[in-house]
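Protein chains: 2
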Amino acid sequence: MATAEFWYEFASTYSYPAALRVGALAEERGVSLVWRPFLLGPIFASQGWRDSPFNLYPAKGRYMWRDVARTCDAMGVPFKRPEPFPQPSLLAARLALALQGEERADFSRQVYMAEFGRGLPIADRAMLASLLAECGIDPAAALERAESDANKALLKAECARAAEIGIVGAPSIVAGDGEVFWGNDRLGQALDWAA
Amino acid sequence: MATAEFWYEFASTYSYPAALRVGALAEERGVSLVWRPFLLGPIFASQGWRDSPFNLYPAKGRYMWRDVARTCDAMGVPFKRPEPFPQPSLLAARLALALQGEERADFSRQVYMAEFGRGLPIADRAMLASLLAECGIDPAAALERAESDANKALLKAECARAAEIGIVGAPSIVAGDGEVFWGNDRLGQALDWAA
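Going line by line, the protein sequences match chains A and B.
All residue numbers for the first sequence refer to the numbering used here, where the first residue is 975 and numbers rise by one.
All residue numbers for the second sequence refer to the numbering used here, where the first residue is 975 and numbers rise by one.
Treat the hints loosely; a few may be bogus.
No copy labels: a pair is met if it fits in one copy or bridges any two.
Within a straight-line C-alpha distance of at most 25 Å, the following computed SDA-like cross-link-like pairs (lysine to any residue) qualify [claimed, not checked]:
no.: 1; residue 1: Lys1130; residue 2: Phe1059
no.: 2; residue 1: Lys1130; residue 2: Gly1004
no.: 3; residue 1: Lys1034; residue 2: Gly1143
no.: 4; residue 1: Lys1034; residue 2: Ala1137
no.: 5; residue 1: Lys1054; residue 2: Arg1003
no.: 6; residue 1: Lys1130; residue 2: Gly1110
no.: 7; residue 1: Lys1130; residue 2: Asp1166
no.: 8; residue 1: Lys1126; residue 2: Arg1044
no.: 9; residue 1: Lys1034; residue 2: Arg1024
no.: 10; residue 1: Lys1034; residue 2: Lys1130
no.: 11; residue 1: Lys1130; residue 2: Pro1032
no.: 12; residue 1: Lys1126; residue 2: Arg1003
no.: 13; residue 1: Lys1054; residue 2: Trp1167
no.: 14; residue 1: Lys1034; residue 2: Arg1003
no.: 15; residue 1: Lys1054; residue 2: Lys1130
no.: 16; residue 1: Lys1126; residue 2: Trp1167
no.: 17; residue 1: Lys1034; residue 2: Arg1135
no.: 18; residue 1: Lys1054; residue 2: Val1008
no.: 19; residue 1: Lys1126; residue 2: Gly1110
no.: 20; residue 1: Lys1054; residue 2: Ala976
no.: 21; residue 1: Lys1034; residue 2: Ser1006
no.: 22; residue 1: Lys1126; residue 2: Asp1151
no.: 23; residue 1: Lys1054; residue 2: Arg1160
no.: 24; residue 1: Lys1054; residue 2: Arg995
no.: 25; residue 1: Lys1130; residue 2: Gly1050
no.: 26; residue 1: Lys1034; residue 2: Leu1161
no.: 27; residue 1: Lys1034; residue 2: Asp1151
no.: 28; residue 1: Lys1034; residue 2: Glu1132
no.: 29; residue 1: Lys1034; residue 2: Gly1150
no.: 30; residue 1: Lys1130; residue 2: Phe1053
Calculated directly from the structure, the hints in this document are not laboratory data.
Bear in mind the structure is a predicted one, so any value in this text is a computation, not a measurement.
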């Protein structure tokens, strides 16, 4: 079966519409999708950036906010800018990584909808616990697994892997043959390639 | 009639496939298209960049070269990386701006095909003169108009205008109502909006 990886960062605006679309796009093409949460911070830091490029370069930021709002509008999904931006995404990423399969995908979509659909703070443990519960996942157990040393180390390894395979932004799709595609705009093309 | 502006920079890799596609996409939608050559250098400089971000951030550069090659391959057009990159695009931009209507569009496509289809140096006067001649344009007269003080000042004003309306990269489409769309990926969406 054709496979692809969906690499996403919870602080990434364009990963929000991508996360809502990617499952159906993969299914239409018969592509088996692995959700891979990671952090862009280490990749940005290696480029000398200590903040989101959308904050460092205000003209790009202004364009991005308008463009994401337009993209969500065209999809018919709500969009609310969270403050501050970017949201600290470490705990959400650890939680997603500690879950498997459909639970990971479900929880990840819930995080994006809370963050960019309702503007909620995704570093808030209680908010994340309520999202876990909505997904039918035991919050206490998931938080404990998320914050285990093994899971923390795994997330670090995932970030290193992302840099190694040439990921420069989120969302990215990596096709089964290693081809990397970057951007919410490229989901269809990437999954066609994977198929 | 619906209108849109196609803002392009001759040194921009993604402007190459865009320049080859945009005319037909606009025509399909009944959108009247104005070609607006400009320079990204002043916009990059205002962000503190003295070189292309694809050179400043090598991981982004590696991704871009692979992605552009893949894009050209899918379109069935040749792709050859020019050296050095970015090519000095000032003279080509002045020439394009000194031409009008279809002559501007024809010459611009010829420049892109020479630069990224055949890897030719677009700062070379003789090469540009031969492209002008291929378009049925008198090279000497066009070069004289291109290098007039009025045309030089006009190009500066175009670059200032690009920054003012929020253009952050090339290619960009500006719809008749002022909406800005950035990227070769966005031509269809932008022209749908304009239509």
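Going down the list of hints, with the structure as the test:
1. Lys1130 <-> Phe1059: Classified as within; 22 Å inside a copy, 34 Å across copies.
2. Lys1130 <-> Gly1004: neither (31 Å within a copy, 51 Å between copies)
3. Lys1034 <-> Gly1143: For Lys1034 and Gly1143, the Cα distance is within 25 Å both inside one copy (14 Å) and across copies (9 Å).
4. Lys1034 <-> Ala1137: both (23 Å within a copy, 11 Å between copies)
5. Lys1054 <-> Arg1003: neither (31 Å within a copy, 32 Å between copies)
6. Lys1130 <-> Gly1110: Neither: 27 Å inside a chain and 59 Å across chains, both beyond 25 Å.
7. Lys1130 <-> Asp1166: So Lys1130 and Asp1166 fail the 25 Å test inside a copy (30 Å) and across (42 Å) alike.
8. Lys1126 <-> Arg1044: neither (36 Å within a copy, 36 Å between copies)
9. Lys1034 <-> Arg1024: Both. Shortest intra-copy (16 Å) and inter-copy (17 Å) distances satisfy the 25 Å Cα cut-off.
10. Lys1034 <-> Lys1130: between (28 Å within a copy, 21 Å between copies)
11. Lys1130 <-> Pro1032: Close across copies (22 Å), not inside one copy (29 Å); limit 25 Å.
12. Lys1126 <-> Arg1003: neither (33 Å within a copy, 51 Å between copies)
13. Lys1054 <-> Trp1167: between (33 Å within a copy, 22 Å between copies)
14. Lys1034 <-> Arg1003: Answer is neither; intra-copy 33 Å and inter-copy 28 Å both fail.
15. Lys1054 <-> Lys1130: Result: close neither inside a copy nor across copies, 30 Å intra and 38 Å inter.
16. Lys1126 <-> Trp1167: Result: close neither inside a copy nor across copies, 32 Å intra and 45 Å inter.
17. Lys1034 <-> Arg1135: For Lys1034 and Arg1135, the Cα distance is within 25 Å only across copies (16 Å; inside one copy 27 Å).
18. Lys1054 <-> Val1008: neither (27 Å within a copy, 34 Å between copies)
19. Lys1126 <-> Gly1110: within (23 Å within a copy, 65 Å between copies)
20. Lys1054 <-> Ala976: neither (35 Å within a copy, 31 Å between copies)
21. Lys1034 <-> Ser1006: neither (34 Å within a copy, 27 Å between copies)
22. Lys1126 <-> Asp1151: For Lys1126 and Asp1151, the Cα distance exceeds 25 Å both inside one copy (28 Å) and across copies (48 Å).
23. Lys1054 <-> Arg1160: both (23 Å within a copy, 23 Å between copies)
24. Lys1054 <-> Arg995: within (18 Å within a copy, 34 Å between copies)
25. Lys1130 <-> Gly1050: Classified as neither: same-chain Cα gap 35 Å, cross-chain 40 Å, threshold 25 Å.
26. Lys1034 <-> Leu1161: both (22 Å within a copy, 18 Å between copies)
27. Lys1034 <-> Asp1151: Only across copies: Lys1034 and Asp1151 sit 20 Å apart there, 32 Å inside one copy, limit 25 Å.
28. Lys1034 <-> Glu1132: between (28 Å within a copy, 19 Å between copies)
29. Lys1034 <-> Gly1150: Between copies only: 21 Å across chains, 32 Å inside a chain, cut-off 25 Å.
30. Lys1130 <-> Phe1053: Close neither inside one copy (30 Å) nor across copies (37 Å); limit 25 Å.
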